[in-house]
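Given chain A's structure and the hints, the job is docking chain B onto it.
Line order of the protein sequences matches chains A and B.
Quick note on my numbering: the first sequence kicks off at 1 and runs consecutively.
Quick note on my numbering: the second sequence kicks off at 875 and runs consecutively.
Some clues are possibly wrong.
Claimed, not checked - Within a straight-line C-alpha distance of at most 25 Å, the following computed DSS-like cross-link-like pairs (lysine-lysine) qualify:
{"#": "1", "chain 1": "A", "residue 1": "Lys792", "chain 2": "B", "residue 2": "Lys1460"}
{"#": "2", "chain 1": "B", "residue 1": "Lys1666", "chain 2": "A", "residue 2": "Lys784"}
{"#": "3", "chain 1": "A", "residue 1": "Lys791", "chain 2": "B", "residue 2": "Lys1531"}
{"#": "4", "chain 1": "B", "residue 1": "Lys1691", "chain 2": "A", "residue 2": "Lys817"}
{"#": "5", "chain 1": "B", "residue 1": "Lys1460", "chain 2": "A", "residue 2": "Lys715"}
{"#": "6", "chain 1": "B", "residue 1": "Lys930", "chain 2": "A", "residue 2": "Lys715"}
{"#": "7", "chain 1": "A", "residue 1": "Lys356", "chain 2": "A", "residue 2": "Lys339"}
{"#": "8", "chain 1": "B", "residue 1": "Lys1658", "chain 2": "A", "residue 2": "Lys650"}
{"#": "9", "chain 1": "A", "residue 1": "Lys630", "chain 2": "B", "residue 2": "Lys1531"}
{"#": "10", "chain 1": "A", "residue 1": "Lys578", "chain 2": "B", "residue 2": "Lys930"}
{"#": "11", "chain 1": "B", "residue 1": "Lys1658", "chain 2": "A", "residue 2": "Lys792"}
{"#": "12", "chain 1": "A", "residue 1": "Lys571", "chain 2": "A", "residue 2": "Lys586"}
{"#": "13", "chain 1": "A", "residue 1": "Lys177", "chain 2": "A", "residue 2": "Lys189"}
{"#": "14", "chain 1": "A", "residue 1": "Lys586", "chain 2": "B", "residue 2": "Lys1666"}
Stated by the list, open to error - Below, a sample of chain B positions facing chain A; criterion: calculated Cβ distance under 7 Å:
{"#": "15", "residue": "Leu1269"}
{"#": "16", "residue": "Phe1533"}
{"#": "17", "residue": "Asp1672"}
Said to hold, decoys possible - Label pairs and their computed distance ranges (CB to CB):
{"#": "18", "chain 1": "A", "residue 1": "Glu589", "chain 2": "B", "residue 2": "Glu1295", "range": "55 to 63 Å"}
{"#": "19", "chain 1": "A", "residue 1": "Asn215", "chain 2": "B", "residue 2": "Glu1461", "range": "24 to 32 Å"}
{"#": "20", "chain 1": "B", "residue 1": "Asn1101", "chain 2": "A", "residue 2": "Asp719", "range": "38 to 46 Å"}
{"#": "21", "chain 1": "B", "residue 1": "Arg1482", "chain 2": "A", "residue 2": "Asp194", "range": "53 to 61 Å"}
{"#": "22", "chain 1": "A", "residue 1": "Asp719", "chain 2": "B", "residue 2": "Ser1401", "range": "39 to 47 Å"}
{"#": "23", "chain 1": "B", "residue 1": "Ile1468", "chain 2": "A", "residue 2": "Ile165", "range": "54 to 62 Å"}
{"#": "24", "chain 1": "B", "residue 1": "Asn927", "chain 2": "A", "residue 2": "Glu737", "range": "47 to 55 Å"}
{"#": "25", "chain 1": "A", "residue 1": "Glu631", "chain 2": "B", "residue 2": "Glu1295", "range": "29 to 37 Å"}
{"#": "26", "chain 1": "A", "residue 1": "Asn793", "chain 2": "B", "residue 2": "Lys1511", "range": "36 to 44 Å"}
{"#": "27", "chain 1": "B", "residue 1": "Lys1040", "chain 2": "A", "residue 2": "Glu589", "range": "54 to 62 Å"}
{"#": "28", "chain 1": "A", "residue 1": "Glu589", "chain 2": "B", "residue 2": "Gly1066", "range": "25 to 33 Å"}
What the hints contain is simulated information worked out from the structure, not anything from laboratory work.
As the structure is a prediction and not an experimental result, all values here were calculated from the model.
Glycine included, C-beta positions come from ideal geometry on N, C-alpha and C.
Protein chains: 2
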Amino acid sequence: MAKYIYLFKEGNKNMRDLLGGKGANLAEMTKLGLPVPQGFIVTTEACISYYENDEKINKNLINQINQAIKNLENISGKEFGNAKNPLLVSVRSGSRASMPGMMDTVLNLGINDEVTEGLAKMTNNPRFAYDSYRRFIQMFADVVMEYPKENFEHFFEELKEKKGIKNDNDLTTDDLKEVVKHYKENYRKLAGKDFPTDAKEQLIEAIKAVFRSWNNDRAIVYRRLNNIPSSWGTAVNIQEMVYGNMGETSGSGVAFTRNPATGEDELYGEYLINAQGEDVVAGIRTPEEIRVLKKIMPEVYNEFYIYAKRLENHYLDMQDMEFTVEKGKLYMLQTRSGKRTANAAIKIAVDLFNEKKITKEEAIMLVNPNQLDSLLHPTFELDSLKQGNIISTGLAASPGAATGKIFFTASDAIAAYEKGEKNIILTRLETSPEDIEGMNVAVGILTLRGGMTSHAAVVARGMGKSAVCGSGDLSLNEDNKTIKTKDGQIFKEGDYISLDGSTGNVYSGKIKTTKAEISGDFKTFMSWVDEIRDFSIRANADSPNDAKIAKEFGAEGIGLCRTEHMFFEEKRIEAFRKMILSDNQKEREVALGIILPYQQKDFEELFREMESYPVVIRYLDPPLHEFLPKEEIEIQKLAKDFNVDIDILKNRIEDLKEFNPMMGHRGCRLAITYPEIAIMQTKAVIEAAITVTKEGKKVIPEIMIPLIGDKNELKYIVDIVKATADKAIEKANVKLEYIVGTMIEIPRACVLADEIAEYADFFSFGTNDLTQMTYGFSRDDAGKFLNDYYKKNIFEFDPFEKIDINGVGALIELGVKKGKSIKPNLEIGICGEHGGEATSIEFCYKIGMNYVSCSPYRVPIAKLAAAQAKIKRS
Amino acid sequence: MAKYIYLFKEGNKNMRDLLGGKGANLAEMTKLGLPVPQGFIVTTEACISYYENDEKINKNLINQINQAIKNLENISGKEFGNAKNPLLVSVRSGSRASMPGMMDTVLNLGINDEVTEGLAKMTNNPRFAYDSYRRFIQMFADVVMEYPKENFEHFFEELKEKKGIKNDNDLTTDDLKEVVKHYKENYRKLAGKDFPTDAKEQLIEAIKAVFRSWNNDRAIVYRRLNNIPSSWGTAVNIQEMVYGNMGETSGSGVAFTRNPATGEDELYGEYLINAQGEDVVAGIRTPEEIRVLKKIMPEVYNEFYIYAKRLENHYLDMQDMEFTVEKGKLYMLQTRSGKRTANAAIKIAVDLFNEKKITKEEAIMLVNPNQLDSLLHPTFELDSLKQGNIISTGLAASPGAATGKIFFTASDAIAAYEKGEKNIILTRLETSPEDIEGMNVAVGILTLRGGMTSHAAVVARGMGKSAVCGSGDLSLNEDNKTIKTKDGQIFKEGDYISLDGSTGNVYSGKIKTTKAEISGDFKTFMSWVDEIRDFSIRANADSPNDAKIAKEFGAEGIGLCRTEHMFFEEKRIEAFRKMILSDNQKEREVALGIILPYQQKDFEELFREMESYPVVIRYLDPPLHEFLPKEEIEIQKLAKDFNVDIDILKNRIEDLKEFNPMMGHRGCRLAITYPEIAIMQTKAVIEAAITVTKEGKKVIPEIMIPLIGDKNELKYIVDIVKATADKAIEKANVKLEYIVGTMIEIPRACVLADEIAEYADFFSFGTNDLTQMTYGFSRDDAGKFLNDYYKKNIFEFDPFEKIDINGVGALIELGVKKGKSIKPNLEIGICGEHGGEATSIEFCYKIGMNYVSCSPYRVPIAKLAAAQAKIKRS
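Bound-form chain A, shown alone (with noise of 0.2 Å):
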């Protein structure tokens, strides 16, 4: 039979999984031999098989129950119901990896009528004995019962007017009495039955309410923004009451054991006198800084001050502690590492290091890879961001602070940038291809529509750039280009506005920013990191600059250029709409002839930048009617520069529409219907790679065939690629080597991808598009119901976020070994946006890739992912 319950004393901190995090902390603490009110733990898995039995408690849980009841009132040497000697407890949740505030808490568990007279006794405190039994109350019919809180509060505050009362404490012993009257009765009426008097009813009833909540609205949300699954559960902690609200010599209070701000190596926290927790959280009176503790009760502090260092050099982390004073004497409720700001663990995570408690390795695992954000993006200057109004509040797109002028279209913006403007915001209802060099020359990106997965928030992600998009309660006028605020505020083209993609926050003016660095402790760490990892992180980069930034936070070479954004420039769009709507071979040689000495240039800026780097350079994969104007009066515009049949060039671009475009003409399917692409493609990239090698520079470029789902797809543009490259080469009489590959991003191509391995000498997988099609939703679409799933449960996180391990993780799997059999040394990354994303990066780790690729932005973030996988397995 399994055992679901262990006594404190039974248990020890490497039992998280199956007693929670506090739980084994708890148990932790008093084999530490520290003063914790004792208790017992419902395991996590008890609650586990709670939900796999219907969510019914079964008998075997309920007789160990019991059994913990009768140990626990032999330890306290109280009892449970008794109104002489009564043993009170708190019920709390308590899963594996924190989850602050999810999930529900029960106090002053075991109270009834006789023993709030005898506690009142006892304490000699009536007022606060009959409190307590009116907070349970409370507590349990809002907690087990879901009755609605109005029910209860409601009276409560009536009582208070009636009083002429604000604050609780001046409430009445009697005043309290008729509370718990009231309480009783109402309580009744939602019942049909009376208030239960019964500890161990009350408990049983507790303990099913604390598994109930793991599966509430805001744990769900919480466990999908934080990776935990489902499946875990959560434990249950009973625990004896210990009381901060008996006097001037009680008290509660948290504590850190450095501070979670700046990581200083100080005791950090507040202390409430005559008070318990809740009231310190709730924030019912202003706490006091720990220190005061020093002055009023130097003996408990010095005790306190010796815990807290004990624990952290036992965890070998920043602790955040719970205590309580009980009449002088301390007692410890909680222990657990303290969450802390990127800065503050960085620094503690050194500090530590430098004090010699912890290797490097140990502190690279102190450090959240994600937190790193926080440290790679531009910020506000505080003092400048407190002039700062906010006019609008959006969606925290893309992350970053950025200050500049409002432009309210791409080629305006463009032509205010051609002037010399460098701070320019881009305003727009919502952004589509054709404004790529307008958000390219911007500093920051404001849209009135759209969400998270929008156009604007995809590319600006994509590009580092801020952006705050679907701000709807701003109103713009496109023919006056002005935008107006709720309140009628009116801002104009060439006006100052301030985004924070970070918040969402729109400002008003300008705000001054800081650039993100890498320097001092933060350069230390990311030393450590360099030196442990084996894992090579790469950035996607589109263009020289993005390169330029790249390499700054480290890059070991571009996993993902997307050569698309090189046909967007004025001069080359135009020419590229010839070839697009031309209908021969001849005509679209030409007009590509004209776009190859562009493309030739941007890829030698970036082959110089990223000098003895791998550049991998993915060939045109949009849909052709993407470069194709959409507006009726663009469209009359080509037609006249064109010089062709308005309605013959509307035919074409109806033709070239499509049901589902992501399934439709593009990637490689573009480059065999028009080989001529490749071929301009090819001789812009070897002959910019000539001219670099001739600098003396040493130049590796890869060429990557997007979408492949047969190998003769790849076979056929593979001949084409290398025809054309050698005989440059050839030509041109330099050492150049380069090599040809593709992504991986069809589920055919993950099927077959041993055939496919025969052509290529590199896999990148493509995990946007792979996810897209392996859950057969696209990620535009799928914003209309995904809501729904995570409501219900039924998807536990965004499979476009974290790699689907299991699904779209098998598919890659199977790619990965299928691709070794036939070449063992095949080079092998991942160009999604999961490469930025610890978990995935660790998944791609472990089966055996050479890389990942990412945004500039995140490359700090992921080598840190990086490496603490390499330190996981190891």
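Using the frame of chain A, we list chain B on its own:
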């Protein structure tokens, strides 16, 4: 060292893979002692090696050819290039499968100036000799050197014109000498060197030409249409020439052992006196029926008759033979299984069994399943057809003949149908989902736009209705409701036209049709198929009428009833649109409540029709926007009907639009956001089943949830369905069993089929969508590039017609294996269009499925394919 050459006497009929069909049969006839001009065969392996070796012939093969020539010289007693006793040969292709006329042939090889002179003397027929020489140069230049034919034909035609001659045979020897002279000069100009006089050189080049012809455009297309892999390669047959053009006692013929049109047991063929085989085929003179030979050369006829019978009995199949008589001596040049009509195929198979020559299994293997198609659709009566005038030819989009009055909108068609008009041809520019009801009441569909995969074509095939699509030479006037032909004829609403969906022809007026039925030999044959077969065949049927046809054709259940068209009928669509456009569950439930009784009635009829057979009902699948109007005028009407602001309505419609509808909010995703839809459909299915059960009929409902990609999706919906169903059954107090399963049509569902199987009572593979997702292209959009894929030999076949066994098939197999790992007896089938295609059926059978489901009209085809799959395995 590989053996690349076999003399005829070294081979036999079982060596098709290596020697090709023609070669293996020449060898077999040699073995049987039939008079075959001797020769040798270059193997298919030599061809494969030629392609692997960058289209070069290796030394080893050349040596073996030289040796083979020596052997042939010994056998024939003639000598290559010897003017006195010249050996001339034919060089013919011959692959594993018969590909008539697809590849190249060179005759009279070995000829040159001296040999021509020698031949003239030997045959005493200089005209014949120079004509042969002239032909050889022309053929060599065309086939081997690939010079455009005009280079030679122009001169030949000019000469005839100059001489005032119409018939080639009227050219004199001197004329032909002039032709030869000019040809040789012309050749020198084109090639930059003399015409090759060396027989061996001629031969090597001719063999290479035959190898090359394996990959000519028409061969690639033929292979795709006939499922022949390009990896097979072709063999080359080199055979001593014999001459049917040596006078009145010479001639050439082709004959079948039975009548290939009817299957009658009679020698059937043609004979041409004093002619070569080419002349029979080319149709220069009209050949006589084969019995003429009986009169003019009875011994030769008798000899041939004996050989014919012997070959048929030897091969146990009807044979198609070529022969030549040279100066009274019979030579057999070829034998192969003869092509035949479907009727003939069945009669021959049944007769051969009745003649006790073959077993039932062998009889079954003699009929090509795909051929049955022509027997399963209405056809025009031949006499009546003669009176029809073709007014347009479009694509043969859905087979069968139909005659009726034209109507131009779905609503006009429905109105006419409701007034009693049973013969309606719905004629549209193109169709959309809104036209479904109109299509449903029509006997045939004609569209002016769209291809083989257009909406009209796909739906018509699904409904088994005749359809001609993309008849672009007609013009349609929507206002006047008329169509106009190229030559100005006008047809107005109510005028009769006739369609042949098997040819694409559109006729003016009424033409009598004959309904397809299974009777006579066909019935006998199908009874054997049912006897042997151990694999169930169901049909896809959306209506009671479809189900009736399916049962007539022998379906053993409904494998797919799509419920979406049940929402399209006028009264229902209005309610359904209300449901879509309302923003709260209450309103949605009210709207669905209106549809419920209609849908229930549909199911009742279906269950009655399919008594005792399983009926798989798929829940609503398409995205909701498909149900909303698209045209401005319809939207206005809807706004008026619903009394809502048109802008609000338009916004809502806009909101529902999707970037990639195939990957959008559809399938099970609808039931997750709107569980009320699944509840309504469950009520309709189960209440219908209860009603029909109470009538004393056995009902086997199988509820199918589409587009599942995750076990949690299925669990969520199955819980809803079962709760609703069980409640209804309990209330009705009847004994009714139902199962709930899922379509597997998303790659992720294959990868995680074990998890999904936990919640599924059955799997049905939706191979249409699975193919789309696995390849990452949509069927609608792929039309734009797949032609280039076929042309460039990247794809050999259309994965939407035939399951892609290596890629999609691997996922299916994985899904089956994983599903059965959890539930060994899990019912598994497929319901994509592949369910009616023979190779796909064989695949499904092999990997352990229980059934396939296909269009009602393809049920006999599927049954035959299933029986053949079993026979092949055993």
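How the hints compare with the structure:
| no. | hint | result |
| --- | --- | --- |
| 1 | A:Lys792 <-> B:Lys1460 | holds (19 Å) |
| 2 | B:Lys1666 <-> A:Lys784 | violated (40 Å) |
| 3 | A:Lys791 <-> B:Lys1531 | holds (23 Å) |
| 4 | B:Lys1691 <-> A:Lys817 | holds (20 Å) |
| 5 | B:Lys1460 <-> A:Lys715 | violated (57 Å) |
| 6 | B:Lys930 <-> A:Lys715 | holds (19 Å) |
| 7 | A:Lys356 <-> A:Lys339 | holds (22 Å) |
| 8 | B:Lys1658 <-> A:Lys650 | holds (18 Å) |
| 9 | A:Lys630 <-> B:Lys1531 | holds (17 Å) |
| 10 | A:Lys578 <-> B:Lys930 | violated (41 Å) |
| 11 | B:Lys1658 <-> A:Lys792 | violated (40 Å) |
| 12 | A:Lys571 <-> A:Lys586 | holds (20 Å) |
| 13 | A:Lys177 <-> A:Lys189 | holds (19 Å) |
| 14 | A:Lys586 <-> B:Lys1666 | holds (19 Å) |
| 15 | Leu1269 | violated (18 Å) |
| 16 | Phe1533 | holds (4 Å) |
| 17 | Asp1672 | violated (13 Å) |
| 18 | A:Glu589 <-> B:Glu1295: 55 to 63 Å | holds (57 Å) |
| 19 | A:Asn215 <-> B:Glu1461: 24 to 32 Å | holds (29 Å) |
| 20 | B:Asn1101 <-> A:Asp719: 38 to 46 Å | violated (26 Å) |
| 21 | B:Arg1482 <-> A:Asp194: 53 to 61 Å | holds (58 Å) |
| 22 | A:Asp719 <-> B:Ser1401: 39 to 47 Å | violated (54 Å) |
| 23 | B:Ile1468 <-> A:Ile165: 54 to 62 Å | holds (57 Å) |
| 24 | B:Asn927 <-> A:Glu737: 47 to 55 Å | violated (27 Å) |
| 25 | A:Glu631 <-> B:Glu1295: 29 to 37 Å | violated (46 Å) |
| 26 | A:Asn793 <-> B:Lys1511: 36 to 44 Å | holds (41 Å) |
| 27 | B:Lys1040 <-> A:Glu589: 54 to 62 Å | violated (47 Å) |
| 28 | A:Glu589 <-> B:Gly1066: 25 to 33 Å | holds (29 Å) |
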